[in-house]
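K.L.:
Protein sequence lines, in the order shown, are assigned to chains A and B.
Terminal number for the first sequence in my numbering: 175, no gaps in between.
Terminal number for the second sequence in my numbering: 925, no gaps in between.
It cannot be assumed that every hint is accurate.
Stated by the list, open to error - List of simulated lysine-lysine pairs, DSS-like, C-alpha gap at most 27 Å:
{"id": "1", "chain 1": "A", "residue 1": "Lys49", "chain 2": "B", "residue 2": "Lys867"}
{"id": "2", "chain 1": "B", "residue 1": "Lys896", "chain 2": "A", "residue 2": "Lys157"}
{"id": "3", "chain 1": "A", "residue 1": "Lys49", "chain 2": "B", "residue 2": "Lys898"}
Source of the hints: derived by calculation from the structure; they are not laboratory data.
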Amino acid sequence: MRAKIVGVPVLDQEKALEFYTTKLDFIKKVDVPVGNDRWLTVVSKEEPDGAEVLLEPAPLHFEPARTYQKALFDAGIPYTQFNVDNVQHEYERLLGLGVEFSVKPTEMGTVKIAVLNDTCGNNIQLVEML
Amino acid sequence: MTYYESEVLKLKKIMYPNSGQLDAIRGTRNYLDKNCSEDLNLDVISGARYMSKFHLLRLFKKYYGQTPIQYLTDKRIEKAKACLKTGMSISETCFAIGFDSPSSFSTLFKSKTGRTPSEFQKSNFHNAGLSLHADLASS
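In isolation and in its complexed conformation, chain A is listed as follows (with noise of 0.2 Å):
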């Protein structure tokens, strides 16, 4: 058994996929019709073997899906969380292409944080080991 694939619940496929993909510098990997939907998945471009996030439409569908994800959105708690070399550094790079942050780059022991809106219904949370 292999864990291959992270779900982030997104509220519009499209817009998901040109936000990870523009902002987050994410590459696509998969993109399947499903139905009305799509099986999307982008992965790092900085891992592209590593594991796949699927952009999945579960909060159109799945009523309890939107009401969770609004709840951890409304307080600000990260839906997921990616990991990065500087925190600081993309932290400067996201909000110059107009990404909004709920929290600053942040020292919290051994990590540093900082939380991002992916205007999809999710915070996600940047990580840097310390």
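Dock chain B against chain A, hints included.
P.N.:
Using the frame of chain A, we list chain B on its own:
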């Protein structure tokens, strides 16, 4: 401030009250990152940070959740993957990351990644080939 940020700041005060201790342990990790290809053991690592090895071991595990040697091993395996991806041979990779024996390196690599170094290298060349084909097809 969001609920999450306020909780993070609250936990930070509870979990990391001793900034001197934290700096020392972060410094140890930094030392391991910079010297991971060297012949390191707990005596060398603790000596570099002027700490007793038992104190260092306890604190490193407390802050990073693994021992310095476990951390070092993971770091070396990551470095080995990067070397193998560039096409470096298994024995060159083994010596580049601070191991003496290619066979013990291969055994460790398999236990950590699920694949032998040569299997890992083959699958990466295969993926690189697929990616190149995809790039050519989309251009």
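K.L.:
For the pair supplied as a hint, A/Lys49 and B/Lys867, confirm whether the alpha-carbon distance does not exceed 27 Å.
P.N.:
At roughly 18 Å apart (the allowed maximum being 27 Å), B/Lys867 and A/Lys49 satisfy the hint.
K.L.:
Verify the proposed pairing of B/Lys896 with A/Lys157, using a straight-line Cα cut of 27 Å.
P.N.:
31 Å, violated
K.L.:
Can you confirm whether the C-alpha distance between A/Lys49 and B/Lys898 stays at or below 27 Å?
P.N.:
16 Å, holds
Of the numbered hints listed earlier, the single one contradicted by the structure is hint 2.
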